[in-house]
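Enquirer: Model the full structure from these sequences, guided by the hints.
Protein chains: 2
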Amino acid sequence: MNNITFLPADVTVIADQDENLLRAAMRAGVHINSSCGGAGVCNKCRIFLERGLVTGEALPGGGWKACATFPVSDVVIRVPVESQMDRKVVRPLTARKAASWIKAQDEVIDWKLHPVVRKHVISLPQPSLKDSVSDLDRLKREVVQGRLQSISLEVDNQVLFDLPENVRSNDWRVTVSLMEGPKKDACRLIRVEPGDTTGQHLAVAVDIGTTTVSAQLVNLESGEVLEEISNYNPQISYGEDVISRIEFAKKKEGLKTLQKKIIECLNELLNELFTNTDREKDALSFITVAANTVMIHFLLGLDTRFLRTQPYTPVATQFPPFRAIESGINVPAHVHMFLGPCVASYVGADIVAGVVGVGLNRHPELTLFIDLGTNGEIVLGNQDWMACAACSAGPAFEGGGITHGMRAAEGAVEVVHIHPHTFEPMVLTIGGRKASGICGSGIISLLAGLFMAGVLDQQGKFYNDLKTDRVRPGRDGWEYVLIEAESTSIDRDIVFTEADIENLIRAKGAMFAGYYTLLESVGMGFEDLERIILAGSFGSYLDIDQAVTIGLLPDISRDRFFFAGNSSLLGAKASAVSWPVTKDLYKVAKMMTHFDLSDSPRFMEHYVSCLFLPHTDQRLFPSVRLD
Amino acid sequence: MNNITFLPADVTVIADQDENLLRAAMRAGVHINSSCGGAGVCNKCRIFLERGLVTGEALPGGGWKACATFPVSDVVIRVPVESQMDRKVVRPLTARKAASWIKAQDEVIDWKLHPVVRKHVISLPQPSLKDSVSDLDRLKREVVQGRLQSISLEVDNQVLFDLPENVRSNDWRVTVSLMEGPKKDACRLIRVEPGDTTGQHLAVAVDIGTTTVSAQLVNLESGEVLEEISNYNPQISYGEDVISRIEFAKKKEGLKTLQKKIIECLNELLNELFTNTDREKDALSFITVAANTVMIHFLLGLDTRFLRTQPYTPVATQFPPFRAIESGINVPAHVHMFLGPCVASYVGADIVAGVVGVGLNRHPELTLFIDLGTNGEIVLGNQDWMACAACSAGPAFEGGGITHGMRAAEGAVEVVHIHPHTFEPMVLTIGGRKASGICGSGIISLLAGLFMAGVLDQQGKFYNDLKTDRVRPGRDGWEYVLIEAESTSIDRDIVFTEADIENLIRAKGAMFAGYYTLLESVGMGFEDLERIILAGSFGSYLDIDQAVTIGLLPDISRDRFFFAGNSSLLGAKASAVSWPVTKDLYKVAKMMTHFDLSDSPRFMEHYVSCLFLPHTDQRLFPSVRLD
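In order, the protein sequences belong to chains A and B.
Here the first sequence stands for residues 655 to 1281, where the numbers follow this note's numbering.
Here the second sequence stands for residues 655 to 1281, where the numbers follow this note's numbering.
Treat each hint with caution, since some may be false.
[To be verified] List of simulated lysine-lysine pairs, DSS-like, C-alpha gap at most 27 Å:
1) A/Lys935 <-> B/Lys910
2) A/Lys1241 <-> B/Lys766
3) A/Lys910 <-> B/Lys935
4) A/Lys1244 <-> B/Lys837
5) A/Lys838 <-> B/Lys838
6) B/Lys794 <-> A/Lys838
7) B/Lys838 <-> A/Lys1241
8) B/Lys1244 <-> B/Lys766
9) B/Lys1237 <-> A/Lys838
10) B/Lys837 <-> A/Lys794
[Claimed, not checked] Pair by pair, the computed Cβ-Cβ distance ranges are:
11) B/Ser1277 <-> A/Asp839: 57 to 63 Å
12) A/Glu980 <-> B/Arg959: 24 to 30 Å
13) B/Lys910 <-> A/Asn885: 54 to 60 Å
14) B/Asp816 <-> A/Asp1145: 48 to 54 Å
15) A/Asp936 <-> B/Glu882: 28 to 34 Å
16) B/Lys906 <-> A/Pro1234: 26 to 32 Å
17) B/Arg959 <-> A/Phe976: 29 to 35 Å
18) A/Arg1146 <-> B/Gly982: 34 to 40 Å
19) B/Ser898 <-> A/His768: 49 to 55 Å
20) B/Lys1237 <-> A/Pro1018: 47 to 53 Å
Since the hints were derived computationally from the structure, they do not count as laboratory data.
All residues carry an ideal CB built from backbone N, CA and C; glycine is no exception.
Expert: Here it is as structure tokens:
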């Protein structure tokens, strides 16, 4: 670890030898012009080494390329005049507390290994003429004797198909898989394997988002996550948001197509999880799924017509576990799929899983849980009560409806600074690849940066009299050129338009009006919030200050903010590891009071007030001051 | 109704105008030579009209053809010398008590209409923003409120698929189908239909026998049987008895083939039931099935290898209800199939259904229940205890292993008298058709007839010095020509061989040794029997005396015998009509003590003593006296 000091700002950060100097500067709050995001192509991030040793790329005209240069010792770096700002530094980025806080939760929450399917090894007495009960009765006898007297055991018919072979092939020693039922002391025999297979006991936890589907392979012996992967939800081809997909589902074969697509996607993710970890699908015991209500309807092939219109009625909000092969999932017959419970049409199992995943239901602190996914959903409450609402924010924060928006993947712009005089950007992409678009955190960062640098007014319109070529008229009105075509991987300028900004302002306005309305409805205000938990898979650089700057988050003490990452997947995984957590999902879903904001005049009033940067009521944002 | 008097025996019976004089004579116990079974082709059944009016066929040489002549008034008939016997009459046939006794049971047994699936009409309040619970929750709320507070309601996922449409299309008025579960106050929502469909509520009851599959369509509104049909079990092509089918099942695809065949057969029977009655399959609510253990294994595709060898272990004896389409049955998705419980590998759900069907479990009288199906199974007991056993009798009494054996269908010889001097037969076929074979009752009748007429000795060998051409050497040793080729529909002599007789003696010996062993094991004897119930689908003429004569049935007072017909189907139907009866099946299966006769030295001793006509111990058959 080395000290990196940036001059003339004279700011020092500690960095390891794997962090390039551009990233270190971003962390330090030091602006260095850079528009290719760290891909090494724009050559704008020139810095000079004043002291110490570096390794990397020296530039022809002298100095080093910051994005391709790494410290070898403590170093002192001078930022050249074209990158310098009047203020010594931008703000350093808010430290992320995700890891620490959620980890603490992990310890507090009783996620003891207690999966809904458990494997037990039992030895059976051999049959004889004196004891010639059926193979199944022999097995049931031992299962019941080995456990509770009062156990009630149901049996899946498919257990019977190879039962005679399975009980005999390892000298009457078998592993039974018992699945807990909703009732106490009742369980279901779903599988009998010859010999001891307790070492082969895996689950898959899935989060089906409107945009992204993520899955984890969990070892149920240890609780360890063996692999996590994700992919786009292939339904995107039929509509970016849930509303357009519901419209598509009305067409002939539309619903079936959407169902088929998500099943294909799950099958691919499953294959990949098992291939990547060199595990056999045969070791899979069950699958847990968290998803929003619409995605669950599509997964099951349920009619979504009435989700779309008032009073927004889902077909069902709770779904008994079913055998995954019945839905076309390519897994062994014993594998059941557990879908989490939903609250309403637009507050789904993903939110319930998220709330349980972060432990909101186990703590007394008044907490605002915000999921900035494709729709924006919020939950306000604590262990004793919860109110929830959907904000119809749209997919802007996942890059949807934004000209160059994209998912948080390699090549996505994840953080931006704008130089307040030159209006030149400092851009970092995920993985330091050539940019192909801008992800959620990058979009927020860019909007806040442009606003703070005085490139945008409070309505989100560009000042068009600035001394820069970066602000120019485009097809959708004025736009800001973030990255020139030659520094991108898409051979087009990556721009940010007034139409993009309008979408973002509407989206953040819907979110903020949602918090306000929920708090108001319980007679509380922002000052009462003890915690704000941010769910959603932002890049690593979402900055609280920037999000507050644009009015997306309330302007309260920064130490009350926590990042949960993909909390829906977190909940799905917790529910895979722990059957009590699954039961908590049902308790929480029942406990949540749902507010239909579309029906609330107060929400509409708040929404209109929010269509400003940061807000029409400046008093709500004391920390946001333009320089 | 007319009085028919036969001379010279001077016996009178009452007959209606639809009964031909040959059948009337058989009932009266009067022998008239006839070998075509009443088909009108052998011209041997000549009789003379002494008084009264008849209509029918006069024969060229004078007199009338008895099988084609019907009484118009009271008549006096003279039987010509070639048909006359020394004794005035043979015995009149034992009156059958089937109808009356089982009918009485029907009234005694509480078969109130209480099917396992019940339909209820409910009206739902329309959803509003104030009450926007999911369609399913709206439905469940009404179901639970309309019934017990404590009801626990599970929901089949397939209910959800058209739920939004179904609840809305008849102004929120629906019919729900609720299926009782094994637990009290717990039921399962399996179907939701728009409007009131309580008038469309049918069940199918099925008996899958090794030889024959029978099915009834039952109206669950009234309990009425709308249609009953049956067909051969198509698995017969792969083996006549269960043992040869189990051998076939071991081959590659063997088990699958047997499963496919029985499913096809059930599909055909179902189609026929609905076509014949002009009903829609959509009105079908569930299916109940009784069958022996091996047939159930084949139906489910379960491994039968271990049923075949000691200690004869079935895979399972109880099977939770499952959705019929999962087995390839072409019915709507909500239709569940209820398989009755079995006791052991060779005492199946057919026997349990039979015992419950005849009400053995509801009466204090000591009863011997005998099923002379493909295997012979027996149950001894009453409402308090039951012992059961399989006798490995083989399929002889269903015509299996008998040269010209056949099922009780049109053209089957069902009753035979043999003239004790001329050894000429008097034959009746089912439906008065040209004979194509001999069914179970005909076989017993023939064996008894030949024995009583002195054509056979006690070992079942033909006396070959009789003055008749009917006893002749054949391919399998000596044989008796029952019907000449020209009077058959198969253009071959229908014969009865010593090999046939050996098979029959072994079969009846196994049965009788079974009764003896069971009775002995509970310290009782034949004199203790208060009732003998004969199950199995014999033709209309099985004669107790003849069955006693060959030693198939115990020689006790004839008024203790009752016929139950296809009691397995009776039980399946009772279980369709009444859920409490289904529960009784489980109680009875649990209550039965199973004796494995193959392991019993006493059984082997008894068996050897039974390989005689009627038995080596003549004291057991006081009523059987050769003239």
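Enquirer: Check each numbered hint from earlier against the structure, then list the numbers of those it violates in ascending order.
Expert: 2, 13, 15, 16, 18
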